[in-house]
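Next come the chains, spelled out residue by residue.
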Amino acid sequence: MTAEVLRREPPQAPIDTSERGLAERVFRIRESGIVVVLVLFVAVTAGLQHRFLSASNIQFVLVNTVIFALLALGETMVVVSRNVDLSVGSVLGMSAYLSANLFGRHPGIPIPVVFLVGLGIGLGWGIVNGLVVAAGRVPSLVVTLASLYIIRGIDILIVGGGMVTANTLPGSFVDIPKETVLGIPYVAIAVAVVVAIGAYYLRSFRSGRDLYAIGSNPDAARLAGIPIGRRVFMSFAVSGAIAGVAGVLWAAQYGTVDSTAGTGYELTVVTAVVVGGVAIFGGSGSAVGAALGALLLATINSALYVLGISSFWDQAIAGFLLIFAITLDRIISVRLTEALRLRSARRAA
Amino acid sequence: MQHDIVPTPGLSDTGLPGEPAPPVGLRERLPWVFRWETVLLLIVVVIGIIGGSASPEFLTSYNLFNLGLSNGEIAIMALPMTLIIISGEIDLSVSSTLGMSSCLLGFLWARHWPMIAIFVVIAVVGLAAGAFNGLLITRLGLPSLAVTIGTLTLYAGVAQILLGPNTVANFPSAYTNLGVNAVPGTDGAVSYSALIFVVLAIIFGVVLHATGVGRSIYAMGASSEAALFAGIRVKRVKTVLFMISGLVCSFAGVLYTFRLSTSVANNGVGLELDVVAIVLVGGVSIFGGKGSVPGVVLGVLAFAGIQNALLLTNFNQEASGIVAGGLLLVSVFLPNAASMGRWAATRYRLRASQPQLRDSQ
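Chains A and B, in that order, are what the protein sequence lines are. Position 272, counted from 1, in the first sequence is what this note's numbering calls 272; the numbers after and before it change by one each time, with no gaps. One gets this note's numbering by counting positions in the second sequence from 1 and adding 1000 to each.
Don't read these hints as lab results, they were simulated from the structure. Heads up, some of the hints might be wrong.
Chain A stretches covered by chain B per the calculated footprint, using a threshold of three residues with CB under 8 Å from any CB of chain B [to be verified]:
{"id": "1", "stretch": "307-314"}
{"id": "2", "stretch": "320-331"}
Have a look at the derived ranges for each label pair, beta carbon to beta carbon [what the hints assert, rightly or not]:
{"id": "3", "chain 1": "A", "residue 1": "224", "chain 2": "B", "residue 2": "1336", "range": "16 to 26 Å"}
{"id": "4", "chain 1": "B", "residue 1": "1199", "chain 2": "A", "residue 2": "137", "range": "36 to 46 Å"}
{"id": "5", "chain 1": "A", "residue 1": "180", "chain 2": "B", "residue 2": "1057", "range": "35 to 45 Å"}
In silico negatives: residues of chain B with every beta carbon more than 10 Å from chain A [to be verified]:
{"id": "6", "residue": "1052"}
{"id": "7", "residue": "1120"}
{"id": "8", "residue": "1125"}
{"id": "9", "residue": "1157"}
{"id": "10", "residue": "1172"}
{"id": "11", "residue": "1198"}
{"id": "12", "residue": "1324"}
{"id": "13", "residue": "1325"}
{"id": "14", "residue": "1329"}
{"id": "15", "residue": "1336"}
Cβ coordinates follow ideal geometry from the N, Cα and C atoms, glycine included.
Here chain A stands alone, though its shape is the one from the complex:
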């Protein structure tokens, strides 16, 4: 419908049209809202406190964003298909402990192998989630709520009262988040590339588009011949695998891992995803938006710290922002639908 309306721009005012077309196109991008908020936030904070834009603070924010941006990518794939994965925090916790524990058990183990193990653990749980959701036809909210408890419980049994401490980890591992090129952490670049690939996949590949179709209207998607079960299964498997990798990064960043790692992350990730413009009932939103949502939350966190505002305000602002984001999104989409409807009615008349 959108494309059709755009093609039918009035021929009598071509210059005007192209300008409006551009402006409209920018406004139609769901992410533009969050970019504006992000820029405003950074500008105001930097105006008040120049330290905010220092290289070390930017690094700090980026490193803090990395884990949530990764998790948000997996969560986006799940949420656009009208599902939700609440188990990411537990998967991250288990992967963080088991992978970090490898260094103590097998000294000298290569770091890529550790990342692969983390990925494997996450993939395994993602496959379990995906199988139960897709084959068992059980709502994903319930399944992943259950696996949130089960995975955390197993993690607690494995870890017991123990923990991995930073001194058992090799220096090159804990330095991963600290290595930078031109002041930008390597991990931030790596995650940006991964998010870009994920966004491109969701936008341009058939199986990626299928997820949106499933999320907009599952019945229509089924009638259109989309293999819903397979696609949903895949999205959970990927989300799990990503949470597994994020767990290894978590271990590298924090050094100390016990059985509580990642507790409560699931709702923060969903918050980042929804703030980033992904509709909670599926069908729209992008991985880039979700990553920007994660970046915004980390930026707020750091801005409060830099401005000397108690970090106790952090949560309230994040919550307010989420409500603001979905309210604004709702109002804009209602207005836009109305405007488009009026315009096509006028054209038709």
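With chain A held as given, fit chain B onto it using these hints.
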């Protein structure tokens, strides 16, 4: 599944003449046997037997008291959650409403407010918190899952702003005793929170199962639009449900504070998922329109019983999530598997008896 023949009871005995009457099975004669509540009751009894045989402590009044005490607030919050989920929505902000009320209690008590005035403020704030959820969801048409994840963070944030890193613990013992003593005349087995839960469960049960409002909650959960066209004030009822949830949760916050004698910013963090899990274990459908208060009461017993039994058998209690999560999975899986099996069986019967249906596919 959409294009499958849905076996309605009337299908096999309508048009076709000479067709034998469908056999009356166990399902028709004893429908209650097949209810999830019955399975749950069995599970609860089994937990009681296993718990009782594994540890002589399990069925003592002292243990029952502790069981009720440590699960009282979660159980109380599960009641309004039941109604909200049946109406087709969800409220994840329950635990932070509890936390906010707990912090408000500490905040105002530290400023020497009289307890009665504090209770009034807490009740008003709880109602307002619920109304905020309800209005955003019903008037702006926002999904309750997203809104209440937002207010979950927002209300927890308010709690943090109120108390910051401080702890308030100097509550008068007249109040904190309510949190740790048993109701007189119950042989020390019933805590005040358990008693309050029972009273509220009866009220919620009567409202849901015996009043027009209760029927309308089921109706809007099954189809919001159909309920609207049937003349049900869907938005108003849902808003009121969220307000009741806010009120009950802030009340649970008071109980929580007096039980622990402490008001601290992270009170109640993470309880929301426990509450949702209990309601779902109790047989309430996450899609709305199905479920019952007795089922949720049994869900509370199963959930609390498992944790308690594991505690007494020296199993790492924090890992009891494995069993709780497993129970949650079973609670959605079993009815699903049963209905899938029934569909397959009915389809097989229909195809065998009415070959023309096979061609019409």
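Hints, verified against the model:
Counting residues of the stretch 307-314 of chain A whose C-beta lies closer than 8 Å to any C-beta of chain B gives 4; at least three are required, and the coverage claim holds. Against chain B, the stretch 320-331 of chain A contributes 7 residues with a C-beta closer than 8 Å to a partner C-beta. That satisfies the three-residue criterion, and the hint holds. For residue 224 of chain A and residue 1336 of chain B, the hinted distance range of 16 to 26 Å is satisfied, since their beta carbons lie about 25 Å from each other. For residue 1199 of chain B and residue 137 of chain A, the hinted distance range of 36 to 46 Å is satisfied, since their beta carbons lie about 38 Å from each other.
Separation of residue 180 of chain A from residue 1057 of chain B is about 58 Å and departs from the stated range, judged on CB atoms against 35 to 45 Å. Non-interface call for residue 1052 of chain B relative to chain A: holds, since the shortest CB-CB distance, roughly 24 Å, exceeds 10 Å. For residue 1120 of chain B, the shortest C-beta to C-beta distance to chain A comes to about 24 Å, beyond the 10 Å cut-off, and the non-interface label holds. The Cβ of residue 1125 of chain B lies farther than 10 Å from every Cβ of chain A, with a closest approach of about 14 Å, so its non-interface assignment holds.
In this structure residue 1157 of chain B is not separated from chain A by more than 10 Å, as the shortest Cβ-Cβ distance comes to only about 3 Å. Remark: the non-interface label on residue 1172 of chain B is consistent with the geometry, its nearest Cβ contact in chain A lying 27 Å away (cut-off 10 Å). The non-interface label for residue 1198 of chain B is consistent with chain A: the shortest C-beta to C-beta separation is roughly 26 Å, beyond 10 Å. Not every CB of chain A is more than 10 Å from the CB of residue 1324 of chain B (nearest about 5 Å), against its label as outside the interface.
With a cut of 10 Å on Cβ distances, residue 1325 of chain B falls inside the contact zone with chain A, its closest approach being about 3 Å. With 10 Å as the threshold on Cβ separation, the claim that residue 1329 of chain B sits away from chain A is violated: the shortest Cβ distance comes to roughly 5 Å. Listed as a non-interface residue, residue 1336 of chain B fails to keep its Cβ farther than 10 Å from every Cβ of chain A; the least gap is roughly 6 Å.
Going down the numbered hints, you'll see the structure goes against 5, 9, 12, 13, 14, 15, while the others check out.
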